[in-house]
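First to last, the protein sequences are chains G and X. Counting in the numbering used here, the first sequence runs from 11 upward without gaps. Counting in the numbering used here, the second sequence runs from 9 upward without gaps.
To be clear, the hints were calculated from the coordinates, so they are not data collected in a lab. From a predicted model like this one, the values you see are computed outputs, not experimental measurements. Careful: at least some of the hints might be erroneous.
[Said to hold, decoys possible] Which bits of chain G does chain X cover? Going by a derived footprint, with three or more residues having C-beta under 8 angstroms, they are:
| hint | segment |
| --- | --- |
| 1 | 25 to 34 |
| 2 | 45 to 57 |
| 3 | 163 to 176 |
| 4 | 222 to 228 |
C-beta: ideal position from N, C-alpha, C; glycine also.
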Amino acid sequence: MMVEGFADGDSLIHRLDPRVKIIVAALFSTIVAVSDRFRVLLPALVIGLILVMLSTVPVKKLFMRLVPVNGFIIFLWLFLPFTFDGEPLFAVGPLVATNEGVYHATRITLKSNAIVVVLIALVASTPVFALGHALHELRIPNKIVHLFFFTYRYIHVMYREYLRLVNAMKIRNFRPATNIHTYRTFAYLVGMLLVKSHERAKRVYNAMLCRGFRGRFYSLSRFSLKPIDVISFILMLTVILGLAVLEWTRITL
Amino acid sequence: MDKDNFIINLTDVSFAYPDGAPVLDKLNLQLRRGECLGLVGPNGSGKTTLLHIIVGLLKPSSGNIEIFGKTARREEDFQGVRQRVGLLFQDADDQLFHPTVLEDVAFGPLNLGKSRDEARAIAGETLEVLGLAGFEDRVTYKLSGGEKRLVSLATVLAMGPEVLLLDEPVAGLDEATEKRIIDILKDLDLSHILVSHNIDLLAETTHYIGYMIDGKISVDEERVPHTHVHVHEHGRHTHKHGPHRLDKKS
């Protein structure tokens, strides 16, 4: 299972304090998501690409991650240009594409790619447990942080259980088709996974009780801000602020 | 017999799962300090249930549980018990839920109110004792089966227990890891109850063996030395044999 594919590297971005990365990624994504002007969205994408380059993520892997995102966007390009009112641009049979529709699709493409690229650069470059501890340090409620940890820990176990069930199906010559037998089998598969994870959760909780768990989690790690963290933080905040200014003021460049 | 010597004393303990027949039926079990008891019995005979009852994860329908001379009945009683009685689960994936080994081993000590640094130190020492030095930052889900088992044992030992309850500690492990666990158990010299189908393991690490059947334990204190002479293919390689039934003496 591919998780944490980008966390192993060693670059300036990898060494940054995870708290800085989380805050920057969150602010950046928010500003970009609500922005509409191209003079904000284009620079945002460029900033994202610069960050990704700094994080030395292999281009091929980056591309692989962008494929699913842009898979959805292709559908937007199929529909949006034809469903927006506005200046007609071109026509395909009875369907008329509008300028506004094309602009809108372009905006969404730029936004989503900029956000995903920044998330890959900043968040995917952080090991999951560092992220969890950073969330904890940022005063995110304990319950959410632990939900995050447990999900990460047991997703592999569930995945292995899923593979075992799938193999059990395969060795008895199960071939999915479009029929009731297939649907029922898949329903059983999902049902079994649910039941198994419920059972697992009970056993894990019992194991925790055995080790004196009384509803409180303690964290071993401490983060310390280094000068480079502070400098990067201020720099990125300035850039994000710049984007916000470009979006919400009448200054024309 | 001096009653205070019992560290675990179960009298007439019965237990049934809500949907089925009784698992334990007026079961009696006494363990003195320094004693090591092996438990064998068919699948579903209640061995795991028994261990879970001792640490209060399951509550018996009737009977009395006395641990370290104190009757344990409510959840609060068992919270104290669990610190002194360490239970090693059958499946290490149930026991290891932290991302890294160090954090997982430190979880128990932190719950016992140790400071970060103390917990870190205890975890480090425990790993060292088990020959797992250098495992601190390993990711728990990426460990091999044998490593997982050893780390689970570390998480239990880090609590500083006085008694260990081991549920199939070597099931599914290769011989090298099995031997490592046997050596660790011998070196630790802690009282323990060990559930296993592996008679060689029980012979090496326990003083006497109880056979669980019909919801009760029948203890066979007398050890009958006997050798098995057998011939089969591949005999020149060291090998294990399947579980032996205690009631069928060969």
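May I ask which of the numbered hints given earlier this structure violates, with the numbers listed in increasing order?
Checked against the structure, the hints that fail are numbers 1, 2, while the rest are satisfied.
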